[in-house]
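Number of protein chains: 2
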Amino acid sequence: MTLTQTKQVYEISHTLTYYECTDTGHPSMSMLLSMMTMVSDMHLEFMGLDTATVHKTGGAWVVTGYDGTFSPTQPVYGQQVVLGTKAVAYNRFFALREFWMTDRERKHEYVHLRALFVFMNLKKRRLMSIPPQLIEIFGSPLVKRLPRLHQPAAIEGRALRELPYRVRYFDIDVNHHVNNARYFDWLLDPLGSRFLRTHQFVKMAIKYLHEVRETMTVASSYQVQEKDTEIITRHEIRVEGRVCAQAEIVWNKIK
Amino acid sequence: MTLTQTKQVYEISHTLTYYECTDTGHPSMSMLLSMMTMVSDMHLEFMGLDTATVHKTGGAWVVTGYDGTFSPTQPVYGQQVVLGTKAVAYNRFFALREFWMTDRERKHEYVHLRALFVFMNLKKRRLMSIPPQLIEIFGSPLVKRLPRLHQPAAIEGRALRELPYRVRYFDIDVNHHVNNARYFDWLLDPLGSRFLRTHQFVKMAIKYLHEVRETMTVASSYQVQEKDTEIITRHEIRVEGRVCAQAEIVWNKIK
Numbered sequence: 001m002t003l004t005q006t007k008q009v010y011e012i013s014h015t016l017t018y019y020e021c022t023d024t025g026h027p028s029m030s031m032l033l034s035m036m037t038m039v040s041d042m043h044l045e046f047m048g049l050d051t052a053t054v055h056k057t058g059g060a061w062v063v064t065g066y067d068g069t070f071s072p073t074q075p076v077y078g079q080q081v082v083l084g085t086k087a088v089a090y091n092r093f094f095a096l097r098e099f100w101m102t103d104r105e106r107k108h109e110y111v112h113l114r115a116l117f118v119f120m121n122l123k124k125r126r127l128m129s130i131p132p133q134l135i136e137i138f139g140s141p142l143v144k145r146l147p148r149l150h151q152p153a154a155i156e157g158r159a160l161r162e163l164p165y166r167v168r169y170f171d172i173d174v175n176h177h178v179n180n181a182r183y184f185d186w187l188l189d190p191l192g193s194r195f196l197r198t199h200q201f202v203k204m205a206i207k208y209l210h211e212v213r214e215t216m217t218v219a220s221s222y223q224v225q226e227k228d229t230e231i232i233t234r235h236e237i238r239v240e241g242r243v244c245a246q247a248e249i250v251w252n253k254i255k
Numbered sequence: 001m002t003l004t005q006t007k008q009v010y011e012i013s014h015t016l017t018y019y020e021c022t023d024t025g026h027p028s029m030s031m032l033l034s035m036m037t038m039v040s041d042m043h044l045e046f047m048g049l050d051t052a053t054v055h056k057t058g059g060a061w062v063v064t065g066y067d068g069t070f071s072p073t074q075p076v077y078g079q080q081v082v083l084g085t086k087a088v089a090y091n092r093f094f095a096l097r098e099f100w101m102t103d104r105e106r107k108h109e110y111v112h113l114r115a116l117f118v119f120m121n122l123k124k125r126r127l128m129s130i131p132p133q134l135i136e137i138f139g140s141p142l143v144k145r146l147p148r149l150h151q152p153a154a155i156e157g158r159a160l161r162e163l164p165y166r167v168r169y170f171d172i173d174v175n176h177h178v179n180n181a182r183y184f185d186w187l188l189d190p191l192g193s194r195f196l197r198t199h200q201f202v203k204m205a206i207k208y209l210h211e212v213r214e215t216m217t218v219a220s221s222y223q224v225q226e227k228d229t230e231i232i233t234r235h236e237i238r239v240e241g242r243v244c245a246q247a248e249i250v251w252n253k254i255k
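Protein sequences appear in the order of chains P and W. Quick note: the first sequence uses my numbering, first residue 1, plus one each step. Quick note: the second sequence uses my numbering, first residue 1, plus one each step.
To be clear, the hints were calculated from the coordinates, so they are not data collected in a lab. Take these hints with a grain of salt, some might be off.
Here are the simulated lysine-lysine pairs, DSSO-like style, with alpha carbons at most 30 angstroms apart [as the list claims (entries may be wrong)]:
| no. | chain 1 | residue 1 | chain 2 | residue 2 |
| --- | --- | --- | --- | --- |
| 1 | P | Lys144 | P | Lys107 |
| 2 | W | Lys123 | P | Lys56 |
| 3 | P | Lys255 | W | Lys203 |
| 4 | P | Lys255 | W | Lys56 |
| 5 | W | Lys255 | P | Lys123 |
| 6 | W | Lys203 | W | Lys253 |
| 7 | P | Lys253 | P | Lys227 |
| 8 | W | Lys255 | W | Lys124 |
For reference, chain P alone in the conformation it holds in the complex:
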């Protein structure tokens, strides 16, 4: 297997563990996003930009959202896959990355995602322009306008169901923040096991609006819309009434 590892594209081989997969045998959405975070962290380290180097600038990368598609055929635990990422383009405040998961032979693409990042001043807790030394190194183009991610529609009216989730210590990751991939465990769990066992996500979009912090309890609610053979769910995570994340997912029925 030949992996591309350049300044702009970085790929690794990964064997899916059973604990990255649900009882369908396929990876969960939250684990897929965790894997994507892992490969972009590895790309940064490969380019000499480890966490300490990034933190010296006084800031940190923050993801504002993802969108993307999933093949109806997903890999199973034990399978070897390729995880990849590309630094696509950037401007003063935003950087766009793509992520993919393919089979070993790269004949089948299981996942293709885009993510938009901003750079956050950690002391002032607000946006700062991206330090040039953290972005020019990838050789991706500086552009005026970046493509917008798909914006998930808001829940209208009353949600179908709402459940509370207390943030747990094990939701916190090595950056001392709630792992934002974990939001998907809260977002999808209210759909229930019967739905989750019989449906496969094929499209998704998520927008992160406010950080969820430890000691908080989130309320996760959703609505369902059926459109021909497609099922669309809209999701919201709120903390004390304030929307922290919105997501939209398109599902296929598993035959």
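Please arrange chain W on chain P, whose structure you already have, making use of the hints.
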């Protein structure tokens, strides 16, 4: 790196992901046990005993408990480690396995665990004798008496703190049961982030008494005992008053 892969011992190389680690940078207890389950599943598959073959006997392996020790120095995310397992010995109803995690050079052992398994008739939901074709193949000795695992002491009197945990869809694994490694997320979370950030587990014992199933809500409680420099915590998971799991953990303060 030379890995041993024989009928009795099976080792793999594994790179620790950030989502297998807590904000201390070290693997969580639940992820360590998940990794051990992974390597024993792989050993079974290596010997031609995949899940389908095991299920044809009408039963499944069930772990009754673990005990073991952890080095005060634990590996960090991104590090390559060796995960290993050995089929140690068995009798008509019980099988003993050992598990370890070491550094690449096998100079430092981070984790050493023992686990005792029984074989459960899935229809009758009760113990059955281990089918010979599932155990003789490993070449481990048939013995009269197996060593007993360390038995965690029960909580006496009132617990210090108790928190409820609703079983979530993503706690269910590919075997359609709650991943028993996940019990440790429920067991340890009530200790709180301040404790968990400043203490490293060095010994543990857990006894699984009754299965926790989906749709259940568990109550997780604990007590603390300080003994010189050692801190011992005792833990219990109950469902509607019935104890489902008991655990005992010895901790070192992180300087």
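Quick rundown of the hints versus the structure:
Between Lys144 (chain P) and Lys107 (chain P), the direct Cα distance comes to roughly 34 angstroms. Violation of the 30 angstroms bound is thereby established for this hinted pair. A C-alpha spacing of about 60 angstroms is found between Lys123 (chain W) and Lys56 (chain P), which places the hinted pair above 30 angstroms, so the restraint is violated. Simply put, Lys255 (chain P) and Lys203 (chain W) have alpha-carbon atoms about 47 angstroms apart, too far for the 30 angstroms limit, and the pair is violated. A C-alpha spacing of about 25 angstroms is found between Lys255 (chain P) and Lys56 (chain W), which places the hinted pair at or below 30 angstroms, so the restraint holds.
Under the criterion of a C-alpha separation no larger than 30 angstroms, the hint pairing Lys255 (chain W) with Lys123 (chain P) is consistent with the structure, at around 27 angstroms. With a C-alpha separation of about 13 angstroms, the suggested pair Lys203 (chain W) and Lys253 (chain W) falls inside the 30 angstroms cut-off, and the hint holds. Of the pairs offered as hints, the one joining Lys253 (chain P) and Lys227 (chain P) holds, with about 12 angstroms between alpha carbons and a cut-off of 30 angstroms not exceeded. For the given pair, Lys255 (chain W) sits about 51 angstroms from Lys124 (chain W) by alpha-carbon distance, which is inconsistent with the 30 angstroms threshold.
Violated hints, listed in ascending order, are 1, 2, 3 and 8; each of the other numbered hints is respected by the structure.
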